[in-house]
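Chains as they are written, first to last, in this note's numbering: chain A, 1 to 428; chain B, 429 to 608.
The hints are simulated quantities; they were obtained by calculation from the structure and are not laboratory data.
Note that the structure is a prediction, hence the values are computed from the model and not measured.
Treat the hints with care, since some could be wrong.
Some chain B residues close to chain A (C-beta under 8 angstroms, calculated; not the full set) [said to hold, decoys possible]: (1) K450; (2) R455; (3) S456; (4) V458; (5) W463; (6) F497; (7) Y498; (8) T499; (9) M500; (10) C516; (11) S518; (12) G520; (13) E554; (14) C555; (15) L601.
Yeah, the Cβ is synthetic: ideal placement off N, Cα and C, and Gly gets one too.
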Amino acid sequence: MENWRDYQRVLLPNIPDFHKIEVYEAHDGYKALRAAITEEKWTPKTVVDEVKKANIRGRGGAGFNAGLKWSFMPPKKEGVPRYLACNGDESEPGTCKDRRIFEYNPHAIIEGAIIACYAMEMDAAYIYIRGEYGDWIDMMQKALDDTYAKGYAGKNIFGSNISIDVYLHRGAGAYICGEETSLMESLEGKRPYPRSKPPFPAQFGLWGKPTTINNVETLSHVPMVMRNGADWYLSIGAATNPGPVLYGISGHVNRPGLYEYPSGMLITDLIYKVAGGIRGGKKIKAVVPGGSSVPILTAEMIEGVKMDADSLRAAGSMLGTAGMCVLDEDTDMVKFLLRVAKFYDHESCGQCTPCREGTGWFVKVLKKIDAGQGTTRDLDLLLELCDTMEGRTVCALADAAAWPVRNTVKRFRAEFEARVRPELVAIG
Amino acid sequence: METVQYTFTEAEHAEIRKHVAKYPDRRSAVMPALWIAQEKFGWLSPEAVKLVAETLDIPYAHVYGVASFYTMYFKERVPKHLIEICTCFSCGANGGQELLDYTKAQIQADDKGHGKDGKIWARAAECLGACDTGPVCQITNRHYAHNLTREKIDSLISKLSNDEEIPYEQIPLSNPSITD
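Produce the complete structure using the sequences and hints provided.
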């Protein structure tokens, strides 16, 4: 992606007042929805096919083809309602993108959600937004009221016999609600303990009805795919992970920010050219490329690595949410990891023993190491704890908690060893 | 201490009914109803939780179970203004914890983080989703303050001590700032 400097933003375009419905409409807003509902070429199936072809990889972190996910919905049964759950719980540390879409392009989310409901023959969309985003929920509510006033949501959209409602739901402070089955429990008004799968949401979702869950950013890509076609979308960025990406760059850089560029940017270009390099001209120690749970990379590991799913997997990490945290050479990795571990300890819902106990033990052991009381045995204990958690719980929070520990201890082993005493074992 | 009447007004009942109508099951309205109760009473006392349970006709234990899960619902009586500073991840790497310690020292906070004048309290937040403008804080479940410094904390404390409104701080999009 050599010509990234010429890139014209499409998701958060450089247009004043784009959040207003009249400005959004003046720039082809709601055209895709109108076409989907009124033009003969668009049936629910052709919409799903087009979105599937575009290969919009889920922007919530998992990177799964959104259209393929849509195609998992069972055939529509008359009288059985179906729902879309839109995940705007954005809580993965390092992630700061959905909030900006709520503020600068709310109608793309709403239009995308209604198109998704049309394509999957759903009755309603519930947009779940984390409780901390009260200001942005108000912005979304204003946008949604305008959408209803125009007749683009609600009963008989564009005079058709299609009716789709869109509702907002405010969370109240819980990372776990970003997990799709936890989000559904929260929407149902229960304690948000994740559900065991199967049954999968497409079979047994919200209120026991067929449901699909998409990240709000993923949905915001749908209108542009419908307007410009899947081939246009496929031409942006990395071949196997196409489209625009909102790169949230934070940490020890000169110009932290949220930057829209094509997928597949070089990590080093993002750090040095986009974000202005490291503060004080210092060296990089580590980069966490896609939110706190993805494996951390050392400075040596980022050379030549691109921000797309395949390139990052080959480099030993993941794209996640593309929320990149850059750490300079002065960072104390023990303290950094301890704070990350505290986050998962705080956010574990407590349902599964390995996660509830394991996240607490991470904190205890890391505190001990940070206080200079640790031994080399404690480093192995941390890695053994990871083994007891990964893949052994109802949801992926335990994995998300274990990966930073495993990879930070492994990839910065020398720094951890320098902070602990060798274990002396008596012989005989 | 003045006695609090634990009832909803007709307008609040209407608001709750509007939420109930959004969902196929009235239990789904428990979170919006708890929000309305907290806005009204300042915190979710057992009486306030009971009022929500009776209003929606669902068991108290269920409503309490939901209320106790989430950090933004206050289960204890708290001072009027909260400065909640992110100390997690990127904000932590940029001095969030030091700013929280500073804030607590400035308001002479007790073990619970409640300031000496009884008006302001402070606590650590987990990631607030504004990592690129960290360290950030949230004021009493509402506006964010970005790019925190000690001076900015001083100004927040002085405004909140006088019950002044903290304005919404708009952060522009980043791309145009690229120069090299």
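Against the structure, test the hints numbered earlier, and report the numbers of the ones violated in rising order. Structure breaks no hint.
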